[in-house]
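Participant: In the order they appear, the protein sequences are chains A and B.
Residue numbers for the first sequence follow the working numbering, beginning at 1 and rising by one.
Residue numbers for the second sequence follow the working numbering, beginning at 1001 and rising by one.
No lab work stands behind these hints, which were simulated from the structure alone.
This structure is a prediction, so every number in the text was calculated from the model and none was measured.
It is possible that some hints are incorrect.
[Claimed, not checked] Calculated from the model, a selection of chain B residues having no Cβ within reach of chain A, i.e. all distances over 12 Å:
id: 1; residue: E1070
id: 2; residue: A1092
id: 3; residue: R1224
[Claimed, not checked] No farther apart than 20 Å at their CA atoms in a straight line, the calculated lysine to aspartate or glutamate pairs in the EDC-like style are these:
id: 4; chain 1: A; residue 1: K252; chain 2: A; residue 2: D46
id: 5; chain 1: B; residue 1: K1102; chain 2: B; residue 2: D1080
id: 6; chain 1: A; residue 1: K252; chain 2: B; residue 2: E1070
id: 7; chain 1: A; residue 1: K252; chain 2: B; residue 2: D1067
id: 8; chain 1: B; residue 1: K1069; chain 2: A; residue 2: D95
id: 9; chain 1: B; residue 1: K1063; chain 2: B; residue 2: E1105
id: 10; chain 1: B; residue 1: K1063; chain 2: B; residue 2: E1003
id: 11; chain 1: A; residue 1: K8; chain 2: B; residue 2: E1070
id: 12; chain 1: B; residue 1: K1082; chain 2: B; residue 2: D1159
id: 13; chain 1: B; residue 1: K1102; chain 2: A; residue 2: D95
id: 14; chain 1: B; residue 1: K1102; chain 2: B; residue 2: D1119
id: 15; chain 1: B; residue 1: K1243; chain 2: B; residue 2: D1265
id: 16; chain 1: A; residue 1: K8; chain 2: B; residue 2: E1105
id: 17; chain 1: A; residue 1: K197; chain 2: A; residue 2: D224
id: 18; chain 1: A; residue 1: K8; chain 2: A; residue 2: D95
id: 19; chain 1: B; residue 1: K1082; chain 2: A; residue 2: D255
id: 20; chain 1: B; residue 1: K1069; chain 2: B; residue 2: D1159
id: 21; chain 1: B; residue 1: K1102; chain 2: B; residue 2: D1067
id: 22; chain 1: B; residue 1: K1102; chain 2: B; residue 2: D1159
[To be verified] Here are a few chain B residues that sit away from chain A, every Cβ distance over 12 Å (derived from the structure):
id: 23; residue: L1150
id: 24; residue: D1175
id: 25; residue: L1230
id: 26; residue: V1258
Note that beta-carbon positions come from the ideal geometry of N, C-alpha and C, so glycine has one too.
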Amino acid sequence: MTTLTLLKVERIKLFSTRSPWWCMGTAVFITVGFASLLAGTIRPRDLQDLTPATTQFSYNFGFLIMMVMAILAITTEYRFGTIRATFLAVPNRVDALLAKTAVVALLAGLVGEAAGVGAWALSRAIRPEAPLALDNAQDYRVVIGVGLVYMVATVVAISIGLLIRHSAGAITALLIWVMVVENLLPAIPRVGETIQKWLPFTVGNNFLYAGQQVGENNNATPSDMPFGAWGSLLYFAVVAAVLLALAVGLAKRRDA
Amino acid sequence: MIEANGLTKRYGRTLAVNDLTFTVQAGRVTGFLGPNGAGKSTTMRMILGLDRPTAGGVRIDGKRYTDLKEPLRHVGALLDAKWVHPNRSARAHLRWLAVSNKLPEKRVDEVLALVGLTDVAGRRAGGYSLGMSQRLGIAGALLGDPGVLLFDEPVNGLDPEGILWIRQFMHRLADEGRTVFVSSHLLSEMALTAQDLVVIGRGRLIAQTSTSAFIDAASGSSVRVRGPELDRLREVITSGGLKADDAPATTEGPAALVVHDATTDDVGELAGRAGLVLHELAAQRGSLEQAFIQMTGGDVEYRTGDPALAPVAGVAGAPVGVPGQPGEALASQRTGAPVAARKADAR
């Protein structure tokens, strides 16, 4: 069973139901829509703050939606028993699950690119006078790099889905992690700040915003992060890979 | 051919499948019979590599399922007709299955036509009736034209037309030389569908035999005989060394005699020699359900924890000789275990 075959199988599975289309459309629409709302309503005297980095500030919307889609891609298989049909057709569970992860992550990456580039391009069309030109590597990274963060984030999401195997439980766990844990842990006195620097999504965010200012007096990411931009992405990817290995290993041993 | 060897599955403290050893021959429909909760589905899932056996193993044509390359070409299975995404069309469902085992995509249309779903193939599977879902499941099982087929309770919930269709379908598959293994908790259904039986109760093997032998052994042999001179008939039969009981007139027929442990040949010849006219001479069979309960009932009752009610538990266990269970050892010494005795002799 070649890799290409398995990728094709997962592609057919993903696109033969409607919800991925809705998720993808919504992710791009909301992300781009929010950025253009920002560009459209910004006061002329704040115009110099409308940088490429600012246009990407809404990427959280899209990537949360894509993570939910990734979770559903795996938990609905357990919910409807199609995971068993899959394992009957492809007894090598590791290959089957990795193929699914690859397809979903790749798709999320494309959606991330569409949302990131779209948000930047539309902002530029709305405010041609704003400093939105992509002048340096930092600017390119924040606009084009968004897709990579989407990809890694969906790998994390798939792993959570595979570990928990129930849609509601997995989505709740993910939201608590991303929205609560990563925002609340830094509030712990003394150790909070140190912990924050190692939280996966915070570090992933640092890949985009390392050294960038978003708006006035607003550091998009904590100062003195342990890694630079690419190191941050690597750290985020390693966390995702470890989680995935754990989840796939468990799925291999558990009864389907 | 499917060979299970010492197959065991334990969930926590529950032993769902207990040291199961049996073979399923090619070219025949083999029924997998047992009451609800006997471990049939668990066994099937272990055969297909979905569940991991606690001990023992299964081989399909000498290989483990998980070692099969493109398994749909060797084994087709319908374990649950609802294992389809409800928002996916039947054609899309079969398409990804076909692609996964490098089957030509035109095969999808072939199996759809085979099960009569061509007209509704584009509709979402969630809107299918149970009968249609079952057909879709069978289409999926047949996709790779496999030599081995497994069906778990395929007629459950179907209307008579659907049941007949599936029954005929299985015979056709077996006639084509395939191995067909089909589970059911209905002996009456299996009697019509299966040539061989693997009977389990509480996860243990009760019998592996041909269906007719199982029914003969389980239902005993008695003969109902009737004629105008009932009293003389009784004398002739008794003097012939057979035991006859009166069967009073019921709604099903007038008064007659029931001769135990005899064949219609025995009784007919006795009557003929005496020059007696007979109006009725028929072999009597116990109901299949009765036979089934007699064979498996002990295993069900054992679960309720009432040893006084479980004299046939040993009957069930005796032919396979499961050792180390005191209740069975006791029960198998009872004289009231003709079924087990006969089955043991037959081996």
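Participant: Against each hint, give a clear statement of whether it holds in the structure.
Facilitator: Checked hints:
no. : hint               : in the structure
1   : E1070              : violated (7 Å)
2   : A1092              : violated (4 Å)
3   : R1224              : holds (49 Å)
4   : A:K252 to A:D46    : violated (54 Å)
5   : B:K1102 to B:D1080 : violated (23 Å)
6   : A:K252 to B:E1070  : holds (18 Å)
7   : A:K252 to B:D1067  : holds (14 Å)
8   : B:K1069 to A:D95   : holds (13 Å)
9   : B:K1063 to B:E1105 : violated (27 Å)
10  : B:K1063 to B:E1003 : holds (10 Å)
11  : A:K8 to B:E1070    : holds (15 Å)
12  : B:K1082 to B:D1159 : holds (17 Å)
13  : B:K1102 to A:D95   : holds (16 Å)
14  : B:K1102 to B:D1119 : violated (25 Å)
15  : B:K1243 to B:D1265 : holds (15 Å)
16  : A:K8 to B:E1105    : holds (13 Å)
17  : A:K197 to A:D224   : holds (8 Å)
18  : A:K8 to A:D95      : holds (13 Å)
19  : B:K1082 to A:D255  : holds (18 Å)
20  : B:K1069 to B:D1159 : violated (37 Å)
21  : B:K1102 to B:D1067 : holds (17 Å)
22  : B:K1102 to B:D1159 : violated (35 Å)
23  : L1150              : violated (10 Å)
24  : D1175              : holds (25 Å)
25  : L1230              : holds (61 Å)
26  : V1258              : holds (51 Å)
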